[in-house]
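Asker: Each chain is listed here by its residues.
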Amino acid sequence: MVTRYFGEPIKRNEDPRLLTGRGTFVDDIRPPGLLHAALLRSPFAHARILSIRTEKARSLPGVVAVYTHADLPPVLQEPLPKLIPHPALVHHKTQYALAPEKVRHVGEPVAIVIAESRYIAEDAIDLIEVDYDPLPPVVDLEQAIQPGAPLVHEDIGTNVCAHYTQRVGNVEEAFAKATHVFTERFVIDRGTAAPMECRGVVAQWEPKMRQLTVWDSTQAPIPIRNGLARLFGLPQANVRVIAPDIGGGFGPKIMMFYPEEVLVPFAAMELQRPVKWIEDRLENFVAMNQEREQIHEAAIAVDGEGRILGVKTVFLYDAGAYIPYGLIVPIVASTTLPGPYKIPNYHCEFKAVFTNKTIVSPYRGAGRPHGVFVMERLMDRVARELNLDRAEVRRRNFIQPDEFPYDVGLIYQDNAPLIYDSGNYPACLDKALEMIGYDRWPSERERYRREGRSVGLGLACYVEGSGIGPYEGCRVTVEPSGKVYAATSVGTQGQGHFTSFAQIIADILSVPVEDVTITTGDSGAFGWGTGTFASRAAVVAGNAVALAAQAVREKALRVAATLLEARVEDLELRDGRVYVRGVPGRSLSLGEIAVAANPLRGTIPEEWEQPGLEATRYFAPPRGTFASGVHAAILEVDIHTGMIQILKYVVVHDCGRIINPMILDGQIRGGVAQGIGGAFYEKLVYDETGQLLTRTFMDYLIPTAMEIPEVEIAHVETPSPLNPLGVKGAGEAGVIPVPAVFASAIDDALAEFGVRITEMPLSPDRLLEIIRGARGRGGGASP
Amino acid sequence: MKRRARANPSSRTAQGRRSAKAQVSPPPLWTQKEIKVRVNGVEYTSTVDVRMTLVDFLRHELGLTGTHVGCEHGVCGACTILLDGQAVRSCLLFAVQADGAEITTVEGLGTPERLHPLQEAFRDHHALQCGFCTPGFLMTTLAFLRENPEPSDGEIREVLAGNLCRCTGYQGIVEAVRDAARRLRSAHGA
Amino acid sequence: MKPAPFQYAAPETVEESLALLRAFGEEGKVLAGGQSLVPLLNMRLARPSVLIDLNRVRELSYIRDEGMTVAIGAMTRQRAVELSGLVRERLPLLAEAVRYIGHPQIRNRGTIGGSLAHADPAAELPVVALVLGAQLVIRGPKGTRSLRPEEFFVSYLRTALEPEELLVEVRFPAHRAYGTAYLEVARRHGDYALVGVAAMVRMEGERCAEARLGFTGVGPVPVRLPEVEEAVAGRHLDDATLAEVGRIVADRLEPQSDIHASAAYRREVAGVLAGRALRLAAARFKGGEGG
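Chains as they are written, first to last, in the numbering used here: chain H, 1 to 783; chain V, 1 to 190; chain S, 1 to 291.
Don't take each hint at face value.
[As the list claims (entries may be wrong)] Interface residues of chain S toward chain V, partial, derived using beta-carbon atoms under 10 Å:
#	residue
1	N42
2	A46
3	R109
4	V154
Hints listed in this document are in silico derivations from the structure and should not be mistaken for laboratory results. All C-beta atoms in this analysis are idealised placements derived from N, C-alpha and C, irrespective of residue type, glycine included.
With the rest of the complex left out, here is chain H (with noise of 0.2 Å):
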C-alpha cells in the first residue's frame, strides 16, 4: 500500500473553519430560552460555613434560582467520584459540587446562581451573604507534614493522603560501595495550564424525551456522559455530551467531575431551561486544576568513571485540598526519573500532601518535567564534580540501542510494568549536540567572555512514556457518495485530529484527504473511550482509527470481488474505486460499493460483521510505548538585571513514524513555550492565608512572541513495535525537558560563580539573588 499522506505536512481540514470565525466554542452555544450561571466562590482558604443567606439573591430581577449544598438533591451533595484508585492512596478525599459546611481552598463553589444573564447572575453573587469562621490554613508543602499543622481533612489526623515506594534493587547497598555520592534538594513551584479558552458547560434538558444534552469544555466527554448518567440515573443513551471546539486543554480540562459540570445539568434538569456557565479568568486561576509543585530530596551515586551506581529520591507532592485524580503525577515523575540510563538500583519514595490550595491534577508533563529536572540536574552535577564532559557522562549510561525492549523495574501510570519499547538515545543526542554546535562551544564561551557576556549551553534528555491504554476505539464509515466519516472517542483541543486521523484514513481507503471528515469528543457520536491525555490520543485512536479504516478496505475489497467476480487477490484499490487488476474496464468505486453492502432486498452473508461499508474497531495498547528526545540551548545572562535572552534552541524528538510533520512541530514548539513559561515567567505565588496573589494575566505571566525563540527541530524515528502504525506519543514532549536545560544552561553561564540552579522557576529578582549569595561564597569575580 502506497502511501501518500501520512507522514506529510498535509494543511489541515479544520482551519478554514477556525480562521473565519465559525469555530463552535462552548460559549458560542445558544439555545433559546439560556439562562446564566455564575458561581459564589470562598475567599477563603480554610473555613467553616456558619450560615448562608440567600433572600436578596434570588429576589433580584432576572434571578431565576439560587442553589446551595442544603439545596441540592442528595446524590450531589456526596463527593464527587475518585478517579484512578491506587492501593497507596488511604485517603481518597473528593471535592463537592458545593461545599457543606467547610471551605477548604479559595475559590471553592459555595453557591450558584442562575438568571437571564450573567450580568445579573454576577450582581446575585454580590448579595449572598456567607458567614465564614476562618480557620488557620495550611499552605506550605513542607509545613503541612509537621506535627500540629492545620488539617485539611480533620478526620483522618493528617495531611498525608498517600505513602508511596517504588524500588529497584538494593539502593543503600549501593550508596554504601560507591566511591561519589551527590544529594541535592530541589524544589517546583506551582503553575497553571492557562489555556486561552477557560472551562464551560450549557446543559439542555427535553423533559419529554428525558434527554440531556451537555456542551462541555472537557478533554473526556464519554466519561462525563457515563458519569452524569449514573449520576442523575438516566440510561446512558438518553445523555450526550459533546466536546465542540476546545480552546485549550493541556490536562486540567479533563476531570470527572468539575463542580459545574454536575451543577449546571442539574440547574437545567431542574428549570427546565437550558442554562449556561462560562469561567471567567479569575475563576480560571483559582478553580481550574493546578499543578507543578514538588520538593525532592534526591541523590546519585557514582563510580569514578561517572557511571550510575543508584538513583534516589524523597519527595513531596502538593495535592491541593482534594485528590480526585490520584497518585497520576508523582508515579509519573517517579517512573520518568531513571529517563535514558541504565539505573541498577533505585529507590522512589514520595508523600502526597494535602494543602489549602486549588486542586492539583496533571498539566502538560504531568510529572515528567520534575521526574527529568532532577535526574538531569543530577547528571550535570556528576559531571561537574568529576570533571566529565557533560554529553559523554550521559552517554556512558545510556541505554543502547540494541537493549530494547528494556525493563526499568518499575510500574507505569497504567499500571503496567515499565518496559521501554525502542529508541536510540545516543542519536538523539549526538544529533542535539551537532544542531547546537557543542563541538564549537568551549571556543564559543570563551569569545563571550572576552566580551564580557555571561552566556551557557544547557542540554537535557528525556524518555517520556506515552500512548497509555486502556483503550479507544472507531467507526468509519463509507457512504454511498464516496465520501468517508469516521468518529472517534477521543477529543480535540488543537492537536489537529480532524487531519492526522483523515491522513490516515486516506491513505488506507485511498481517497483524497479532504473527502474524509472526523468527528471527536461527541459521545452521541462514539460511546466507548476515555479521553484525550498523557500523549495517547494517536497512538491509541490513531491505531484504532487505522484499524477500522483497514478493515473497511478490506470488506471493501469482498464486495467488490464478489459483484467483479474477480478474486480479492486480483482487485486493487486506487483514487478511490476498487480496479480489477489488469482489466481496467471493471471497476467500482467505493461509493458504489457501499450502496451493494446495504441492499433493501435481499440476503447478505452471514461473514459480514454488519451491513454497509462501516467497520468499528478499538485498540487496546498492552502498555505504554516509549518516546525520547534532548533539547539544548544557548543562554544569555545579563548578571546586572537578571533578565535572560535565549539565543538558540534546539529539539530533536523520536516519536516513531510521524504521522503529520507540520502538526508534530507544532506540538513540539507549544510545548516548549509553555517549558519556558514555567522556567522563567510562570509561577503561582500564594501567600500565607493561602490567598492566590497571581490572579490575572497581569502577574501571571504567559510568555509572548518576544520571549519566545525560534526552536529548531530536528527527528529521529525508531517506531513502536507495540502498535500497528509504529506510531508513539508527542503531545507533552516539548515542555518535558525545559526547566532542566534552562537550568542547565544558567549554570554553564553562571559557572565562574559557582551557581548550581535547583528550583524552578526562576525569575530576574531570583537569578540576582542567587547570583549574589554564590559571589557571597567566593565564587568568581564579573566577568
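Once you've looked at the hints, dock chains V and S against the given chain H.
Answerer: Quick look at chains V and S alone, frame taken from chain H:
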C-alpha cells in the same frame, strides 16, 4: 436584556451647551442606550445596557461569535477587533462607546471558501492549533500590515506580543505574518 | 467578570464633563482610554455609580507646538503621541518612553492624561513628566490650576486631583537640546516596569554639565534623586562615576517588594539602569540626536 431605551429627559437643557461662561447642566445619564454600529459593512441598531462590553455585544447580540473572550482584563488579545481601523481590545470597551463606529471582526475577513491571503498564510504555516486566539491575531496583524507592509521579523514579533497564544509557540504565526506581508504586497502590485 | 451596574454619561465638551464631575464626581469615575479602568470595572474592584466617558470630548485631543513647550491634550491617544513627528523631534524622551507602554492595541485607546491621572507607580509617563518638569493643567469648579509632577503625584494610584477636577492638558518643555534616554526592565515586553529610568543630560565637551534622572517602579510615586544629579554635574561619565551613581541610587531609593521583584532587586537594578541611561543619553547628546 430589556430593549427599552432609558434616558433622563428632565436633565436636558433648552439652552445650547456651548456657553463657556454660564454653568452648564450635566448631560443625561443612561442605563440603556440605543446605538448604531457598522460591523463588517452591515449597519446594526440596538438598544444595549450601558455596561455591556463591546465583545459581549458582538458575540451575543449580533451573533458574531468569531471574536473570543480570553481574560476580560485586556492582556490576552483574543477579543481584538478593528474599531475605526485600529486594533483594540473589545473587552475593554463598552458597546455604547462604539455608537457610530465602524467595526471589523474576523467574520469580515474571509470565508472558508474564500480565505483572505492572511488566513491562507496562517493555514499554510500552521499558525493555529485550537483556533481560540486566532481571530485576535488576525485582526492585530491586519491592522499592522496595513501600517507596515514590509516588516522585519523583530517588528512582527513585537506587534504580536500583544496577543497570547498557548498552543503554537508563536513561530508558525511569525512565519505566517511574514508570508502574508509578501502576499499582500504582490496582490497590491507592489 | 462583568462590571457592576453604573449609569453612563457621554459629554462632548470640557464644560459638560466638568458639570458631570460637579454633580457626580464623588461617586463617579472618569473613563479615558479604559485600558486601566475597565479591567478594574470588570473585576468589580471599582464600582462607580456613574461613568463619565470622555472619549467624545474632541477638544481634549491635540498636540500643539507652542514654541518652548509642546501642549498635549489629556485625551490624546498614546499612539498618536508615538506617531507624532512633532513629538519625536521636540520631545524625544517622551517619544521613546511611550513605546514601552503596553502594546499597540493598548496605545490605540490609552491616553496621555488617563495614564497620568491613573498614576500607576510603575508607569512610564509619570516619570517622564517628572524629569521633564511638565506642567499638568487641571480644570475644576474653582477654575484652572497647574501642578508640577511633584505636586500632582501623591501616592500609589493617587493624584492631587479633587473629585470634581479634570486633567485637561499636559505641557512638556521641548528638550531637543538635551540628550535623553528611557530604559526599563520588565518581565515581558510591554509589561509595567520593574524599574524604569528616564535620563536627560546636557554635556559640555566630555563633561556632564547637567543631568536629570527619574525613576519609576521604586515607590508610590516617580522619584528624582538630587544627590545623584549633583554627583554627576561637572564630571566625566566614566565607569567610576557611573559606579558611584549606581551606589548612590541603590542607597537612596526605598522601593517596596512585591511578587514581581524585591526591594533589593529594584534598588540594585535602578543603579545599573541609571548608569546605562546616563551613558546612552550622553552618547545621544554627543551624536547630535539631542539638539
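Asker: Each hint: holds or not?
Answerer: Going through the hints against the structure:
For the restraint placing N42/S at the interface with chain V, the shortest Cβ-Cβ distance is roughly 5 Å, inside the 10 Å limit, so the hint holds. Hint status for A46/S: violated, given a least beta-carbon distance of 12 Å to chain V, over 10 Å. Taking 10 Å as the C-beta cut-off, the interface hint given for R109/S holds, the closest approach to chain V being about 5 Å. Taken as an interface hint, V154/S does not check out: its beta carbon lies about 25 Å from the nearest beta carbon of chain V, beyond 10 Å.
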